[in-house]
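J.: Take a look at the letters that make up each chain.
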Amino acid sequence: MASARRTRFLLYIAALVLTLVNLAPIIWIALTAFKNRAQIYQIPPVWIPDFAYLDNFITVIQGYWPFLLNSVVITLCSTALCLLIAIPCAFGLTLFTFKGREDLKMWVLSNRMMPPIAAAVPLYLAMRGVGLLDTWTGMVLIYTGFNLPFAIWMAMSFFRGAPVEVLEAARIDGCNWLQVLVKVMVPMAAGGLMTVAVFVFLFAWNELLIALFLTNRNARTFPVILTSFSGQAQTVWEQMAAASIIQLVPPVILTFFVQRHIVAGMTMGAVK
Amino acid sequence: MKRRTALLMAGTIMATWPMLGRPSRAQDSRIDWASELGKHDGATLRILMVQDPWVSGFEQLNPTFEQITGAKVTIDAFSYDQTHEKEVLEGTSQSSQYDIIVLDSPWVGEFWSGEFVEDLKPYIEKTRPEVIAWDDFVPAFQTVAEWEGTVVGVPFGAYFMMMHYRKDLFEQAGLQPPKTIDDYKAAAKHFTNNPDFPGMYGTALNNARGSAIGQSFFEWIYNFGGKPFANTVPGNEDPYGDMTPQFDKPEAKQVFEFFKEMLQYQPPGAESIDWEQRAATFTTGKTAMITAWSVRTPGFHDPSQSQIADKVGTSVFPHVEGIDGVPPLGGWVMGINAHSEQKDLAWDYIKWFTSKEVHKQFVLLGGPPSRLSAIEDPEVREKMPWVETIAETQKHVYAECRPRIPESFEIIDTVGLQFSRALQNQVTVDEALTELQTSIADLMVKGGYTVQQ
Amino acid sequence: MVSRTTKLLFIGPGVAYLAIIGLFPFFYSLYLSTTSLNLTRPRRSQFVGIDNYVQLVTDPLFQKAILNTAILAMGSIALEIVIGFLIAKIFYEIAHLRTVDWLRTLFILPMMVTPVITGLMFTYILNPTLGVANVLLRMVGLPESGWFGSVDVALLSVIMVNVWQWTPFLMLIMLAGLMAVPRELYEASALDGAHWYQQSWHIELPALRDVLLVGAIIRLIDNLRFFDVVYIATRGGPGDATEVISMFAYRQSFQFFNMGYGSAAAVLILFITLFVTTLAMRYLRRVEHG
Numbered sequence: 001m002a003s004a005r006r007t008r009f010l011l012y013i014a015a016l017v018l019t020l021v022n023l024a025p026i027i028w029i030a031l032t033a034f035k036n037r038a039q040i041y042q043i044p045p046v047w048i049p050d051f052a053y054l055d056n057f058i059t060v061i062q063g064y065w066p067f068l069l070n071s072v073v074i075t076l077c078s079t080a081l082c083l084l085i086a087i088p089c090a091f092g093l094t095l096f097t098f099k100g101r102e103d104l105k106m107w108v109l110s111n112r113m114m115p116p117i118a119a120a121v122p123l124y125l126a127m128r129g130v131g132l133l134d135t136w137t138g139m140v141l142i143y144t145g146f147n148l149p150f151a152i153w154m155a156m157s158f159f160r161g162a163p164v165e166v167l168e169a170a171r172i173d174g175c176n177w178l179q180v181l182v183k184v185m186v187p188m189a190a191g192g193l194m195t196v197a198v199f200v201f202l203f204a205w206n207e208l209l210i211a212l213f214l215t216n217r218n219a220r221t222f223p224v225i226l227t228s229f230s231g232q233a234q235t236v237w238e239q240m241a242a243a244s245i246i247q248l249v250p251p252v253i254l255t256f257f258v259q260r261h262i263v264a265g266m267t268m269g270a271v272k
Numbered sequence: 001m002k003r004r005t006a007l008l009m010a011g012t013i014m015a016t017w018p019m020l021g022r023p024s025r026a027q028d029s030r031i032d033w034a035s036e037l038g039k040h041d042g043a044t045l046r047i048l049m050v051q052d053p054w055v056s057g058f059e060q061l062n063p064t065f066e067q068i069t070g071a072k073v074t075i076d077a078f079s080y081d082q083t084h085e086k087e088v089l090e091g092t093s094q095s096s097q098y099d100i101i102v103l104d105s106p107w108v109g110e111f112w113s114g115e116f117v118e119d120l121k122p123y124i125e126k127t128r129p130e131v132i133a134w135d136d137f138v139p140a141f142q143t144v145a146e147w148e149g150t151v152v153g154v155p156f157g158a159y160f161m162m163m164h165y166r167k168d169l170f171e172q173a174g175l176q177p178p179k180t181i182d183d184y185k186a187a188a189k190h191f192t193n194n195p196d197f198p199g200m201y202g203t204a205l206n207n208a209r210g211s212a213i214g215q216s217f218f219e220w221i222y223n224f225g226g227k228p229f230a231n232t233v234p235g236n237e238d239p240y241g242d243m244t245p246q247f248d249k250p251e252a253k254q255v256f257e258f259f260k261e262m263l264q265y266q267p268p269g270a271e272s273i274d275w276e277q278r279a280a281t282f283t284t285g286k287t288a289m290i291t292a293w294s295v296r297t298p299g300f301h302d303p304s305q306s307q308i309a310d311k312v313g314t315s316v317f318p319h320v321e322g323i324d325g326v327p328p329l330g331g332w333v334m335g336i337n338a339h340s341e342q343k344d345l346a347w348d349y350i351k352w353f354t355s356k357e358v359h360k361q362f363v364l365l366g367g368p369p370s371r372l373s374a375i376e377d378p379e380v381r382e383k384m385p386w387v388e389t390i391a392e393t394q395k396h397v398y399a400e401c402r403p404r405i406p407e408s409f410e411i412i413d414t415v416g417l418q419f420s421r422a423l424q425n426q427v428t429v430d431e432a433l434t435e436l437q438t439s440i441a442d443l444m445v446k447g448g449y450t451v452q453q
Numbered sequence: 001m002v003s004r005t006t007k008l009l010f011i012g013p014g015v016a017y018l019a020i021i022g023l024f025p026f027f028y029s030l031y032l033s034t035t036s037l038n039l040t041r042p043r044r045s046q047f048v049g050i051d052n053y054v055q056l057v058t059d060p061l062f063q064k065a066i067l068n069t070a071i072l073a074m075g076s077i078a079l080e081i082v083i084g085f086l087i088a089k090i091f092y093e094i095a096h097l098r099t100v101d102w103l104r105t106l107f108i109l110p111m112m113v114t115p116v117i118t119g120l121m122f123t124y125i126l127n128p129t130l131g132v133a134n135v136l137l138r139m140v141g142l143p144e145s146g147w148f149g150s151v152d153v154a155l156l157s158v159i160m161v162n163v164w165q166w167t168p169f170l171m172l173i174m175l176a177g178l179m180a181v182p183r184e185l186y187e188a189s190a191l192d193g194a195h196w197y198q199q200s201w202h203i204e205l206p207a208l209r210d211v212l213l214v215g216a217i218i219r220l221i222d223n224l225r226f227f228d229v230v231y232i233a234t235r236g237g238p239g240d241a242t243e244v245i246s247m248f249a250y251r252q253s254f255q256f257f258n259m260g261y262g263s264a265a266a267v268l269i270l271f272i273t274l275f276v277t278t279l280a281m282r283y284l285r286r287v288e289h290g
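Chains as they are written, first to last, in this note's numbering: chain A, 1 to 272; chain B, 1 to 453; chain C, 1 to 290.
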């Protein structure tokens, strides 16, 4: 037993080292965010900067907070709307039988194959046509659509794992299907749905290509801002680093917040 | 073989559009802006531009304009490629979101043929000559702003490519700043792997695939005595009249081979160096000299951005012995969005911002000097001694050094791809040049230009 | 026993939404791909039939882009699976220890990183002259690398970045798969005296097959549209060493504004994606049913 213990201890150290190595690039950028312009290119590098030097963060937040707000609003709204549409759809596709169901499922998934680069031009023209270019509404509608296939597919995998007897019992108790979904299925699959929400949130929060073409000022999202720190004449690395760290805050917090659900959710998704 | 008619007669512009306003280089009395500019209370003027170092100059000057006119000015700045993308998309969607479009010189033809920008000639004609002072703009840059007999934008951000070198190191080595390309090679060799200069490399070039190396070709070809197209040479009245590519000529090959040869004098990984990294090798003291656009020169001298701020010297771009050099010219002009709903306000801003008086303030805030009056201004010279090199450089520049036709972006990128492949030994120099000769000729034929085959 | 109306109310909105936002761009791109439209010369656009496609398949740069995308996808996914599995094993063995949840969450953080940031971050870190990667290599006495700038290692560098970001994803789903393997199977094989690698091969891998296939398909789709990192870090260079298909389509559509040619490339990308994934899904379904 002692040797097994030692093995575990060594494995634990290994995991620790691997994690540190894996995080090193992010840590390096975090350190960079505290450097001034001259320190950026210093060789040998400044390993530990002065953490009291917050100018980069202040500059970025003062200059770009409206775009941060855009990102928050667009991401949250599209996540909510996406779940609202995806959950009933996944529920129906899992529990109701009808002709062509399997094909419909496949078609839903095939929408996820659409390369954003192919959708960019048509969506640009469509949004211009209905006057939603560079608006919150436009971006929410598009991100919702982009995430639906994933959300439906993923939610289906969680619903499949639910015990049918419980659902049937609820039906016998007189629940209609909507009540079955809301009162029985959603609570049962809450962990999994949480995971779906997190991923949908991340896709929207991280999306660049569509935002690049469809927003200018009013709805410009933070990832677009990130690319603008590098111009032909100069790259403001220190501000880029600070902005990156700010951009990473919500995903990191969210990941910790739902860490149990991510793994639990994944287990449910993987096991039938 | 196709003939493109009635187009691209840059030469005739000069003839049909004589001297707007008298050459008035003498000190003007100050302009009374309150009466010169309209009142635009409550209006918001929107400008789309590139995120270059001078954006902060705009931001510092704008409050004055806001105070005079009552309008609010907002600036949206993007990276280089995104600026091009945005401006074209805005233009093709006939959006009125932006009033002023800031465009790079190679885009002039594209933006005019796409009908994205207003012809500014009528605006200039109705403006008092001493306000616009057109002749005071660097002469070649006046030409850059013109297209097919129209004015596409008003100059404000002329970039000149200059040699930047380390005064201390050149003195220590007993070398003069390079005048010819042979001097440049010799100096680069001298500083590389030299125990007297540990850790130093001779130079860094713009080698990265895409616009970086693509533009490099156009920067160097003239200084090897060559030309990219049959008619694009200084003095030709019809520069785009014959677009037969010249990649099969010895000079083109010399440029390619020069870049390959110079790799040995550059820091490791030089193949991916672009504008930003080239500058960084210099400001961190890794390279003894680099060529760079004058827009960066103030930053090189600024101790907060450069470790060698007090050691920078500038000189004119090198060329091969025995020819007149053509230092590269680039830079930005301000046009009015053809679909803007506030064209008067936009013009008020442009004439105010580009006026001698405001332009000088802009230059003192780090903006690129684009007017002769600013280049010669004693206060500017005092604060920025390198402007003397600009004064010398501007006499030799050529407006068409990078083509300004609508196909420019694609031409430069195509050249950039093949140049980069040759540099990386993915293909031989001859293969790359043969490939280029055909593909650029095809592109030109498709565009309806004359090509001799 | 479920009424048509109920079915329609549940499934209808999602399907309708997808039909609008999915089908419209597809058909519009299809239409554009049959024209010679260039946005900056709109007046000269005309119908060209399948010319764009003919030109595309003979375009050496597009061929290179397909090849690079294939190498990128296969290289990345293979490495992610192998490395992901080994790390999943480690986390599986120590799963019950305290603070491991935290460690695991820290480990998977890279997959949460915005791809734009991944690109910017590694452009900075792998900068040949000034980046910290070469400084570290020098400190331990290894030869420096040109990374994104050197034609031989540029694509490898992109793969490395890709693996860094997405190994946690495969690790996570394989860990979930491992957790679901019934304990008794291990105990039985342990009694038989099997080594850990024998257990891996005979018990774990078969149990992970489905999860792996799902993960691999998702990663395949991602790789076929791989864009942000290349867009930021290499732009397809040096030479054509990291040219991938979305970069190619992007350049045609949004840098040269050759919308016709660019759309043809985009439509081909879509068809390639559909073809490859349909094959994979067929297989997955067969596994599911049998």
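If you are wondering where the hints come from, they were derived from the structure by calculation, not from laboratory data. Be aware that a few hints might be false.
To be verified - Listed next, the stretches of chain B that the computed footprint assigns to chain A, with coverage defined by at least 3 CB atoms under 8 Å from CB atoms of chain A: (1) 71–77; (2) 304–313; (3) 318–327.
To be verified - No farther apart than 20 Å at their CA atoms in a straight line, the calculated lysine to any residue pairs in the SDA-like style are these: (4) K105/A x K7/C; (5) K311/B x G174/A; (6) K7/C x Q42/A; (7) K64/C x N425/B; (8) K7/C x N22/A; (9) K260/B x V2/C; (10) K99/A x D192/C; (11) K89/C x K105/A; (12) K446/B x F47/C; (13) K105/A x V15/C; (14) K64/C x T434/B; (15) K446/B x N231/B; (16) K64/C x N231/B; (17) K260/B x V153/C; (18) K99/A x P13/C; (19) K253/B x G241/B; (20) K311/B x K99/A; (21) K89/C x N22/A.
Ideal placement from N, C-alpha and C gives every residue a C-beta, glycine not left out.
J.: Broken hints, numbered, in rising order?
T.: The structure conflicts with hints 3, 5, 6, 8, 9, 10, 11, 16, 19, 20, although it agrees with all the remaining ones.
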